[in-house]
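So the chains spell out like this:
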Amino acid sequence: MHSFAYHRPKTIAEATSKRAADPDASYLAGGMTLIPTLKQRLANPTQVLDLSAITELKGVSVANGIVSVGAMTCHADVALSADVRKALPALADLAGAIGDPQVRNRGTIGGSLANSDPSADYPAAVVGLGATIHTNTRQISGDDFFKGLFETALEPGELIVKVTLPIAKRAAYMKFANPASGYAVVGVMVADTAQGVRVAVTGAGACAFRQADMEAALAKSFTVAAIKEIVISADDLNADMHATAEYRAHLVGVMARRAVAAMA
Amino acid sequence: MIKISLSVNGTERSGDVEPRTLLVDFLRTQLGLTGTHVGCDTSQCGACTIHLNGKPVKSCTMLAVQADGQNVKTIEGVAVGDEMHPMQAAFKECHGLQCGFCTPGMVMSALGIIERHKGDHLNEAMVRHELEGNLCRCTGYQGIVNAILMGAKNMGVKVI
Ligand SMILES: Cc1cc2nc3c(=O)[nH]c(=O)nc-3n(C[C@H](O)[C@H](O)[C@H](O)COP(=O)(O)OP(=O)(O)OC[C@H]3O[C@@H](n4cnc5c(N)ncnc54)[C@H](O)[C@@H]3O)c2cc1C
Ligand code: FES
Ligand code: FES
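Quick mapping for you: the protein sequence lines, in order, are chains A and B. For the first sequence, the positions run 47 to 310 when my numbering is used. For the second sequence, the positions run 2 to 161 when my numbering is used.
Isolated chain A, as found in the complex:
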């Protein structure tokens, strides 16, 4: 690891102003991505701004049809929250299937979204449930947040404060997990929401995206049969040592059908 300075700001304002003064500073949340990256010397920040002491970034609340998750809330706290389990079981299931127990005790929703790993799970929840990302300066719709491979709508230094997720009438998340890491080879969130049916895919493309054909078919008939004949194109899908683009395209259909079946 290269050397760097370390600070633990106590407020959002302190964190963002320190970051604004130094473009080479890096926020540190759960460290489950940043620290391995530092260990491999793939990142070289001048200073690390540990967000763990900013209490207003932590915690889950459910009110008025909205689940609100602070950026620094770890995956285990979402997975094991009785309130989330009751309001949005698909979100609790998704968080409980990220990585492993040790990773879930450190990794956070804010870090996961800011990182926008193509095979991360939370992006499927944000896009699939029509969530809103609240930052220190503005609100960003989940549909507009992910811009590409490890690319988001966040401006340099912009800090995710919390994520609000509307409670769906029903929703389910299914993933084909990489057996070694747990990351999604393909994951699909299907949600029946107040704004209509939403189908979000992670793992398959450069970043999470919606599958319009399935959404239209499920809006007409919320059944497995309705999406059975839909063929997903492998164009522009990811291909790596874990799966070809064609296999990922196939898995999108399988995971979507399993999600719908789980709600029947």
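Treat the hints with care, as some may be off.
[As the list claims (entries may be wrong)] Here chain A is said to cover these stretches of chain B; the calculated rule only asks that three of the stretch's residues, wherever they fall, bring their Cβ under 8 angstroms from a Cβ of chain A:
#	stretch
1	7-21
2	47-58
3	61-73
4	127-141
What the hints contain is simulated information worked out from the structure, not anything from laboratory work. Glycine included, every Cβ here is placed at the ideal spot set by N, Cα and C.
Go by the hints and put chain B with the ligands onto chain A.
Chain B with the ligands only, in chain A's frame:
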């Protein structure tokens, strides 16, 4: 250098660390607690698992400064004097180890499983699922899973 103070196995410890010092390196080289192992460079093997404020985490994927003011428990803090903890005894009884490299992390993860399910129940599938963060290159896991189920039973968790 930054001065940190933390509770390790119930004792207040302190030391000067560079911001980039990993918690596992602080524990092993500065405190001499070499029971916590390093088995990989990718945060996947779990040999470095310790408890931070009662919860299992990978000490190779944390900076020592992040543990400042916190409560850390390592494998050295599990036995009571010369008497093995029931989970350690179960690993011995069930041949839950061969080379022993993964064992400290396995025991710390096992204790995390017990903590999450005390007052509840456990079965083999749950143990296997919750052991996803720990790799063993020797045993094939069967002995480890058996040990955790026996340890759980001996610690009063219902095993079905
Ligand atoms: C072994 C292993 C298995 C994993 N398996 C999975 C899996 O199955 N599914 C999955 O989805 N993920 C998986 N992960 C990733 C993990 O879930 C973390 O969520 C993810 O690494 C990032 O979150 P973090 O809190 O650790 O962020 P960090 O690593 O601390 O930060 C990541 C990036 O986000 C930035 N950042 C952090 N917080 C904020 C904020 N509030 N505002 C703006 N920027 C911010 C940081 O500056 C950094 O650039 C795995 C990780 C490991 C090590
Ligand atoms: S040494 Fe920490 S996970 Fe492998
Ligand atoms: S006993 Fe050798 S790695 Fe597990």
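Has the stretch 47-58 of chain B got at least three residues whose CB is nearer than 8 angstroms to a CB belonging to chain A? holds (count 6)
Counting residues of the stretch 7-21 of chain B whose CB is closer than 8 angstroms to a CB in chain A, do you get three or more? holds (count 3)
According to a criterion of three or more residues whose C-beta lies within less than 8 angstroms of a C-beta of chain A, is the stretch 61-73 of chain B covered? holds (count 5)
Quick check: do three or more residues in the stretch 127-141 of chain B have a beta carbon closer than 8 angstroms to a beta carbon of chain A? holds (count 4)
Every hint, counting from the list given before, is met by this structure.
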